[in-house]
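**Student:** One letter stands for each residue in the lines below.
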Amino acid sequence: MSVLLLGMNHRTASIELRERYAVEDARPVLGKLVASPEVDEAVLLATCNRVEVVVWTRTLDAARLRVRSLFERELGEATTPPSALAPALYELVDGAAIRHVLRVACALDSLVVGEPQILGQVKDAVRVATACGACGPVLGRLYSRAFATAKRVRNETSLAERPVSVARVAVDLARQIFEGLEDKAALLVGAGDMIELALDSLRKHGLGAVRVANRTPARAAALAARFGATAHGIDELPELLHRSDLVLTCIGGATPLLTAPLVREALRERGHRPLFAIDIGVPRNVDPAVNELDNVYLYDVDDLASLAEANARERQAEAERAETIVAAEQQRFEGWLGALAAVPTIRALRARAEEIRRSELERGLAGVPLDARSAAAVEAVTRGIVNKLLHAPLTRLREELEGEAGLGHLEAARTLFALDDEGAGPDEGPDPEP
Amino acid sequence: MGALELHQWAAGAYLGASLAAVVGLGVRARRWLGFGVWLLAFAALLHGLAFVELHRLEPTPALTELPLAVSLAAWLLVLSFLALQLRVPARGLVVVVAPAAFLGTVFESFAVPAPGPPPPGSALWSHLHVLLASGGLALLGVAGAAGLLYLVHHRAIKRHRVARQSALPSLESLDRANALALALGFLLLSLGVVTGVLWVETREGRLWPGGLHANATLVAWLAYSALVFARFGAGGSARHVAAGSAAGFALLLVAVVGIGVAR
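Protein chains in written order, with this note's numbering: chain A, -18 to 415; chain B, 11 to 273.
The set of hints was computed from the structure by calculation and includes no laboratory data. Keep in mind that a hint or two might mislead.
Claimed, not checked - Residues of chain B placed beyond 12 Å of chain A at every Cβ, according to the derived structure:
(1) 51
(2) 55
(3) 99
(4) 172
(5) 173
(6) 178
(7) 216
(8) 229
(9) 235
(10) 246
(11) 263
Claimed, not checked - In silico contact screen, one side only, chain A against chain B (beta carbon under 8 Å); selected entries:
(12) 156
(13) 158
(14) 159
(15) 160
(16) 252
(17) 253
(18) 255
(19) 275
(20) 276
(21) 278
(22) 280
(23) 284
(24) 340
Said to hold, decoys possible - Cβ pair distances, simulated, as ranges:
(25) 161(A) <-> 247(B): 19 to 29 Å
(26) 298(A) <-> 165(B): 55 to 65 Å
(27) 39(B) <-> -8(A): 55 to 65 Å
(28) 298(A) <-> 65(B): 53 to 63 Å
(29) 376(A) <-> 33(B): 56 to 66 Å
(30) 161(A) <-> 165(B): 20 to 30 Å
(31) 243(B) <-> 161(A): 19 to 29 Å
(32) 8(A) <-> 36(B): 51 to 61 Å
Bear in mind the structure is a predicted one, so any value in this text is a computation, not a measurement. Beta carbons: idealized from backbone N, C-alpha and C, even for Gly.
The following block holds chain B by itself, in its conformation from the complex (with noise of 0.2 Å):
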């Protein structure tokens, strides 16, 4: 099976996953939820040996291609995701997981970018800032899906509108999953950024290559630090974060994958 269609077949899986989850969450089954993960987890398989033969390829496709680097970052949101759970209890984030692994996997499934010419600049620099840059964005991913679906949760409690079994995560473990999320994914986009940096120095021979994208994601790492801050320095409640986290993933999205979609 080639690369395309083990993408294919692991953005069925993903959709699969999503109308489970979306199924556990309407009829309050977590069973329905721990279905959704499962399959979340098989597609992420299916999506992991998609990558191992896209490697295979001669000449590899660049994960500097726009499809291919948002694919990564669909493929690693769902790693962070499955990996948060050994540590928090919140299954039900799945409901958004779910459809974001799918929405980031379906364009990558209609075809494989041709490979092109390798990027200029160093290839060391430039595997590592994709390679950051896009785990950062899973986990900010993370973290924002976490934060929305604190606030839904948060706004039905607070309105005394809630079911007396509700299949979504706590607001503890929505919280501590975005604070983690936030966290490590706030460090891989530093780093990222300082990779990215690197990158345009030995390219361009200049620190900074200015240009929207560059600017963009400048604002939403500035925006980051005041929220991490905010979580970790300041003592904020978790209702603002959750809706820092939500807001600052908006912000992050247009800036590295709205700009480049748009150019």
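Isolated chain A (complex conformation) (with noise of 0.2 Å):
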């Protein structure tokens, strides 16, 4: 049995490859996965960041050629090339697929070490895993043990102190050219995910005024009732352009959508008041030339990631005591996974065990009459000293396999009380010499 992920992220994909790989409904995706015999459960956990399949299998291999054939075949667009899914797919398993989903919840796999939204983006997908029947006890356990992981950092380390995330750093980047945010308008060019984390933050931070525009004016019109904003169309981009103090872009599109020119004008409308545009979007939605434009200040997705790699570097101590928290907890539902693989060795013992306790009760009563109470008795001692005997074994054994050791007192058990030797039954071999 095996805990496998496979997935690609920020690091290993290119934002335009991850696009590919976007999904917007996890349910058929999670329904074919399990109805597939290699695979008794899954997660699937897609957000602008990463895409993740984690499947808990009895066939490991059998399960890891269905999973990158879901990769392949069913979850990208067909015009991805294998070719260029390969490099970015990454392969973990057992300790390392479990430690993987442990850190994932507590972002210290993130873009912003510390972010908040991905334990509710991990927990939306765990939801929709056990909604439709894919996430059974083993991932609902581990995921379980993922939130709880993630709690003890929140609360033990100073990590979500200073909660961070795109759209803060964006407030806090604008804090330092605006001298307060109430008296600004924010123009969010997209209706994605990041955009709708955005646009709840900017809410939190109280712009005064929110516009969300999109190709799909419908997208946006539901996103913007959603959050207190005004939704608008694409076309209207110029118009909206100059009434904004900080723009925030993450649409598709293969060219920019602000070019220079339209910026400068944009500029020339508002008085050269100055103009804070993030553009998160790859391929990027804003001309780099407008950074030179005086009075505009561009940052793109690796500017924000120079960031977030000073804001890790920042937090380096604070990521050590959470990476221990995660070593424990890995090790802890590790342990609990070992107890799980005990469980048919546990029960082949103790049917041993019954079975010899039968079959000498029946040997040695043979022809010996026994009223009701004397039998109940006899019945009730035996069954005593055959569970006194086994407690403290199987105890043991339980408390072993939570440490690497564990699997080796398993082994010794099943060949020490022969319990994978088809033939071998009580009445086999001579009784022991008293």
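Given two chains presented individually in distinct reference frames, assemble the corresponding complex, making use of the accompanying hints.
**Tutor:** So, in structure tokens, the structure goes:
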């Protein structure tokens, strides 16, 4: 039995490639996945920075092929060449996979270390997988442990004390340009997850007005309605631009939406008041030449990543403490998983002992007349002896399974009690010497 | 405590405020900057008391003496900065204002100028000229400091070499501080020039004395006129006005203090 994780993230794949693996609805994908005999349980996490599939399987090699085929044939766009996918995809098994799941939930693997959004996204992914029956007891337990780990990291380190996200970084940078944000207007171009998160964050930071512009006005309207913003079509961009102080773009498209002439005209219209633009789209939505204009401050995803790295360096000590917590929780989960692996052995051992007890009772008491009371007493005494004899070794076995040597003890128990021998039975072999 | 001791204590407090401001900026801790501002206010109080003590001397040293005039300008610079805090959140300016106040005070801390003969001409015009010109110099000093910090901060943000959080004021605050100090400073400087002309008239019977100090001041005044027009009349960009404020103050410093020292 193994935990297998396959996926790609912001470190291994460009946003262009990740966009091709955007998953709108995980349910049909998960349904197909767990319908395969190779996969017992599955969870699919798809955010703008990562697409990962975690499965619990009894047949690792077959499951590996199945999940790879999912990425190659079912998840991505048909136009994605396999040569582009192969180097972007990473595969983790058992301990490494478990550790990765815990680190992702704790935002230790995020672009901005400690960002708070990822935990909600993981919870959503587990909720969806549970609702469609793909997430069972093992992955359910793994993610419960991941949420508990994230909670410990939040409570025991200061990683979450200064929560950061792209939107938060945008707000912090905006505060270095603008005196206050209350009378400032933000324009968000796009309607994806990042824009939604940014919208939520910008609203919380009290921006005066927030406008959402998108190619599909209906999506902009739906998003704007949820956050008290106003929705606009992309054709209104020139007009919106000169009324906005902060512009955040994350929208698909091969060519930049905001060109230098367009921004120059907007600046003229707005009396050369400063304009702060954050472009997190890949390919870029804002022409880099815009940063050359006076009173315009343009940051793209690479600039934010360097800020995030600085943030990660600042938080190195806290991140190390968080990694220690992750390691402890990983060991705890692996202990549980090991104990889970011991269940068949423990059952077999109990069955073997019960079989021996019954056969010895039948043989020893054959022809001995016992009334019902005496028979019940003998039954109770022998059952008690068996339970007492088994109690200590089984308890010790469970305990040992939480450590690295646990599997060796399990193997030893199966060998010593001949649990794997097909013909082994209570009547075989001589009775032990007294 | 005498005027000299009070001046020395004020200079020490200005130095302390400078160190707190530099530490605050270095470790990006606004708390240190806040401490620097409080220390600066305390230093300004001591500095003010020093002037009161100086005024009680008989005969009173003339404000037209250069070290005293510079010290007065430094004191007014600090008062202008503190007053500006009521309108614009630009606490980070302390990092320029405190060292400038220290430098303006430190010469005065070694010796109180010996009382000399009163300046020739009208005492009213001479006092008004020194007070208004010093006030103008102080406010234009604040504008120059704001301009300098604007240029530094603007460059860092533009080149993406900025930390996520900074102890420096926002560009908008610096621009507003610059504009406010520039407007008031230019007004006081203009009045200082006018009262200077009137003082010369009572002293020498002519309107324009000529000489390096007067001519350089006139050039600085003309430069500031252009800058004020660019900022308030032509809608010039904040960066250009910031550069103009910093350069204009350097010119004014040379015209008022540099030439005075050279003489």
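**Student:** It remains to establish, for every hint, whether it holds in the given structure.
**Tutor:** Quick rundown of the hints versus the structure:
The beta carbon of residue 51(B) is kept farther than 12 Å from every beta carbon of chain A, the shortest such distance being approximately 22 Å. For residue 55(B), the non-interface assignment is confirmed: its Cβ lies about 29 Å from the closest Cβ of chain A, beyond the 12 Å cut-off. Some Cβ of chain A comes within 12 Å of the Cβ of residue 99(B); the nearest lies about 7 Å off, and the non-interface call is violated. Remark: the non-interface label on residue 172(B) conflicts with the geometry, its nearest Cβ contact in chain A lying 6 Å away (cut-off 12 Å).
At roughly 7 Å, the least C-beta separation between residue 173(B) and chain A is not larger than 12 Å, which violates its mark as non-interface. Remark: the non-interface label on residue 178(B) conflicts with the geometry, its nearest Cβ contact in chain A lying 7 Å away (cut-off 12 Å). Every CB of chain A is more than 12 Å from the CB of residue 216(B) (nearest about 45 Å), matching its label as outside the interface. Annotated as non-interface, residue 229(B) keeps its C-beta farther than 12 Å from every C-beta of chain A; the closest such distance is 27 Å.
Distance check for residue 235(B) against chain A: the nearest CB is about 21 Å away, which clears 12 Å, and the non-interface claim stands. The claim that residue 246(B) lies off the interface is violated: its Cβ sits roughly 8 Å from the closest Cβ of chain A, which falls inside the 12 Å cut-off. Under the 12 Å C-beta cut-off, the non-interface status given to residue 263(B) relative to chain A holds; the minimum distance is some 27 Å. The criterion of a C-beta within 8 Å of any C-beta in chain B is met by residue 156(A), whose closest approach is roughly 6 Å, and the hint holds.
Look at residue 158(A): its Cβ gets to within about 5 Å of chain B, closer than 8 Å, so that hint holds up. This hint holds: residue 159(A) has a C-beta 5 Å from the nearest C-beta of chain B, less than the 8 Å allowed. Residue-level restraint check for residue 160(A) holds (minimum Cβ-Cβ distance to chain B is 4 Å; threshold 8 Å). Given hint, residue 252(A) at the interface with chain B, holds; its Cβ is 6 Å from that chain's nearest Cβ, closer than 8 Å.
Here the hint on residue 253(A) is kept, as its CB sits about 5 Å from the closest CB of chain B, short of 8 Å. The beta carbon of residue 255(A) comes within 6 Å of a beta carbon in chain B, closer than 8 Å, and the hint placing it at the interface holds. About 5 Å separates the beta-carbon of residue 275(A) from the nearest beta-carbon of chain B, less than 8 Å, and the hint is met. Residue-level restraint check for residue 276(A) holds (minimum Cβ-Cβ distance to chain B is 6 Å; threshold 8 Å).
Taking 8 Å as the C-beta contact cut-off toward chain B, the hint placing residue 278(A) at the interface holds, the least distance being around 5 Å. Contact between residue 280(A) and chain B, as hinted, is supported at the beta carbon level, the nearest pair being about 7 Å apart and thus within 8 Å. Interface hint at residue 284(A): satisfied, since its Cβ lies 5 Å from the closest Cβ of chain B, which is below the 8 Å cut-off. Taking 8 Å as the C-beta cut-off, the interface hint given for residue 340(A) is violated, the closest approach to chain B being about 74 Å.
In this structure, residue 161(A) and residue 247(B) meet the distance hint of 19 to 29 Å, their C-beta atoms being roughly 21 Å apart. The given range of 55 to 65 Å is broken by residue 298(A) and residue 165(B), whose C-beta atoms sit roughly 31 Å from each other. Range check, residue 39(B) to residue -8(A): Cβ separation about 33 Å, and the 55 to 65 Å hint is violated. At roughly 56 Å, the beta carbons of residue 298(A) and residue 65(B) sit within the given window of 53 to 63 Å.
The supplied range of 56 to 66 Å is met by residue 376(A) and residue 33(B), whose beta-carbon atoms lie about 60 Å from each other. Hint check: residue 161(A) to residue 165(B), Cβ distance near 23 Å, so the stated range 20 to 30 Å holds. Between residue 243(B) and residue 161(A) the CB atoms are about 27 Å apart, so this pair conforms to the stated range of 19 to 29 Å. The beta-carbon spacing between residue 8(A) and residue 36(B), approximately 53 Å, falls within the hinted interval of 51 to 61 Å.
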